[in-house]
Amino acid sequence: MESVLGRYRNLTILVGVLFLQVLGLAVQVKRGNDADSTRLIRIWAVGAITPFERGLVRAQNGSGNLWHNYFFLRGVRAENRQLKEQIEQMRLKEVRLSEDATQAHRLQSLLAFKEQFIVKTVPAQVIGSSGSDLSRSIYIDRGSNDGLTPDMAVITAGGIVGKVLRVYPSTSLVLMINDQSSGVGGMLEKSRLQGVLRGTADGEVILERVMSDEQVAPGDTVLSSGGDQIFPKGLPVGTVSKVSPGKDMFLNILVRPAADLSRLEEVLVVTEKQEKNAVVDSGGRVRAADILAERLPSVPDKPVVVTPAPGTTPSGATASSAAGTSAGVKTPATSAPTGGNAASTSGAQSMPVAAQPATGQVLKKVVQRAPVGASATSGSASNGGTGNATGLSPASSPAKPAAPRPKPPTAEPSPQPPPTEDNPH
Amino acid sequence: MPITYTSGEQIEVYRFSFPVTVGVPLLALFLQAYVPRRFPFFSVFDLPLLVTIFFAMARRNPISGLFTGAAIGLSQDMLGAYPIGINGIAMTVVGYLASSLGAKLDVENAGARLLVTLGFYLVHAAVYFTVARGMVNLTLNWSWSHGVLAGLANAVLGVGLYFMLDKFKQRT
Chain C
1 MESVLGRYRN LTILVGVLFL QVLGLAVQVK RGNDADSTRL IRIWAVGAIT
51 PFERGLVRAQ NGSGNLWHNY FFLRGVRAEN RQLKEQIEQM RLKEVRLSED
101 ATQAHRLQSL LAFKEQFIVK TVPAQVIGSS GSDLSRSIYI DRGSNDGLTP
151 DMAVITAGGI VGKVLRVYPS TSLVLMINDQ SSGVGGMLEK SRLQGVLRGT
201 ADGEVILERV MSDEQVAPGD TVLSSGGDQI FPKGLPVGTV SKVSPGKDMF
251 LNILVRPAAD LSRLEEVLVV TEKQEKNAVV DSGGRVRAAD ILAERLPSVP
301 DKPVVVTPAP GTTPSGATAS SAAGTSAGVK TPATSAPTGG NAASTSGAQS
351 MPVAAQPATG QVLKKVVQRA PVGASATSGS ASNGGTGNAT GLSPASSPAK
401 PAAPRPKPPT AEPSPQPPPT EDNPH
Chain V
1 MPITYTSGEQ IEVYRFSFPV TVGVPLLALF LQAYVPRRFP FFSVFDLPLL
51 VTIFFAMARR NPISGLFTGA AIGLSQDMLG AYPIGINGIA MTVVGYLASS
101 LGAKLDVENA GARLLVTLGF YLVHAAVYFT VARGMVNLTL NWSWSHGVLA
151 GLANAVLGVG LYFMLDKFKQ RT
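In order, the protein sequence lines correspond to chains C and V. Just so you know, we're using the numbering used here here: the first sequence kicks off at 1 and counts up by one. Just so you know, we're using the numbering used here here: the second sequence kicks off at 1 and counts up by one.
Be careful, since some hints might not be right.
[Claimed, not checked] If you want the ones that stay clear, here's a sample from chain C, every Cβ over 12 Å from chain V, calculated: (1) 48; (2) 74; (3) 78; (4) 156; (5) 204.
[As the list claims (entries may be wrong)] Stretch-level coverage of chain C by chain V, calculated; a stretch enters the list once three of its residues show a Cβ under 8 Å from a Cβ in chain V: (6) 18 to 25; (7) 177 to 186.
[Unchecked claim] Simulated restraints on C-beta separations: (8) C:145 with V:19: 25 to 35 Å; (9) V:167 with C:229: 52 to 62 Å; (10) C:147 with V:111: 54 to 64 Å; (11) V:19 with C:47: 16 to 26 Å; (12) V:38 with C:11: 38 to 48 Å.
Since the hints were derived computationally from the structure, they do not count as laboratory data. Ideal placement from N, C-alpha and C gives every residue a C-beta, glycine not left out.
All chains, full assembly: derive it from the sequences and hints.
Written out as structure tokens, the structure is:
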């Protein structure tokens, strides 16, 4: 026996070393979550490498900043002017989009949808990578000390990057979406077809599980579907670059990631998401009970004097005051979808109040939305044919103050995301 | 092609100083983790594998080769996203085979090194994928075009790297 072992000494040691490693792998696979069983070893390895990487990145950024911020400022003024123009254009666009969003929220609330909002993000810097072509992951300079936990979404302004796989005290390992073992719920923006995004051996991203009889064209935008419970729905993932027939009746859809995964420098880790029912302010919705409450005689409330924000002079309100109606007009909490609100401004003496808008923006909106006829009317003349709450306000009692109501229509805040540290939406 | 079969007595066995033995693999691991961040194409290269092949072939001792491979492979696994041991097993096999080959063949010239490195890159990939798919159940796919091109790129880099590392060789 000894002679056999001596003769095949090298081979015996090889088998022994391989056996030990296979055993170690088996233990990790058996335990399922290898992060726990090998955590200490990984912490040592990461702790030995990342300080150097972090130092190099900082030195590099420092020298880069010195150059870009102090020496190389050519064209900054022109760029600044361009950016200002761009901001103006984006503001205009934002107004339009906010209208669409309000409408979408209203529809979602009707269908009792739940929405996910990105509440808080932590910016992080990429300090290294796994370095292997076989596994695509990066290291960032934020860890458990910064509130990071596994399975948090990592994004950039461009699109999604990946998810936090392992967390160490001051660093984290992020598995990118082009890794072969990653899986992200994806959805085509136009057709709303859903699939699973996976990485390929070449480091590309493909959208799987889309049937071959579906219409998908290069250039289509791919968004996160939210089905993976990691990425909120609607984040940009990329665009379709190639479509070809795959196996098993599915299409092979190659996706070009929106975020440049090979040149990542800064990323955002979504540390807090919030899921809540889609709600919309229904200031303009009128319930039968409200109408009845207005019609019925009741003890009048003490009028409250409200001064609109400077620079916002709602025409209707001015008109109503000019007509000798109550000057103490409370405006509705939010804008209503119909032009009736303008009429409510004009006939505001009878409009119930839910909450006071914080600024004059709402007033402004109300006036902007008002039909010409409604805004032009004043006081008792406003009750013509608007067919809304204020239209129903008694013409016979023009100076009647706000009538009490059992409950205001809605006092819920608008479904905008709560204040965030850094909200990419 | 000057790959010559030689007897054990004809082959020179080299050794390395302790700083080189420890420092070069660590530097390879560090560069492999850091450089792809600045130069994404660098992730095609596998510096730890090249260093393993070089040390194994220079020492010509299978036991030393397999332990070098195991140590470097496991270190690489610790920094990666997958379970520890996949690279370790693959590198152990490569280290063992490279040192066994080094003990039998003269692989000192550029052509031989190119072919040997390409071969070992493919061996490494084969073992890696077998373990990853067979044992860990990872859904990894092999791309022949990418694999062969990456192997060639590594072989070319390896030839240059080996000549640089030859300077650290010490005769026994």
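Do the hints match the structure? See the list:
1. Chain V draws residue 48 of chain C into its interface by the beta-carbon criterion, the shortest separation being 8 Å against a cut-off of 12 Å.
2. Annotated as non-interface, residue 74 of chain C keeps its C-beta farther than 12 Å from every C-beta of chain V; the closest such distance is 25 Å.
3. The beta carbon of residue 78 of chain C sits about 29 Å from the closest Cβ of chain V, which is more than 12 Å, so the claim that it is off the interface holds.
4. Chain V leaves residue 156 of chain C outside its interface by the beta-carbon criterion, the shortest separation being 15 Å against a cut-off of 12 Å.
5. A Cβ of chain V approaches the Cβ of residue 204 of chain C within 12 Å, the least distance being about 10 Å, so the stated non-interface status is violated.
6. Interface restraint, the segment 18 to 25 of chain C with chain V: holds (5 residues with C-beta to C-beta distance below 8 Å; minimum three).
7. Note: the segment 177 to 186 of chain C has 3 residues with beta-carbon separation from chain V under 8 Å; the three-residue rule is met and the coverage holds.
8. The hint said 25 to 35 Å for the Cβ distance between residue 145 of chain C and residue 19 of chain V, and at roughly 34 Å that hint holds.
9. Hint check: residue 167 of chain V to residue 229 of chain C, Cβ distance near 54 Å, so the stated range 52 to 62 Å holds.
10. Distance hint check: the CB atoms of residue 147 of chain C and residue 111 of chain V are about 55 Å apart, consistent with the given range 54 to 64 Å.
11. Roughly 21 Å separates the CB atoms of residue 19 of chain V and residue 47 of chain C, a value that falls within the hinted 16 to 26 Å.
12. Between residue 38 of chain V and residue 11 of chain C the C-beta distance comes to about 42 Å, which sits within the given range of 38 to 48 Å.
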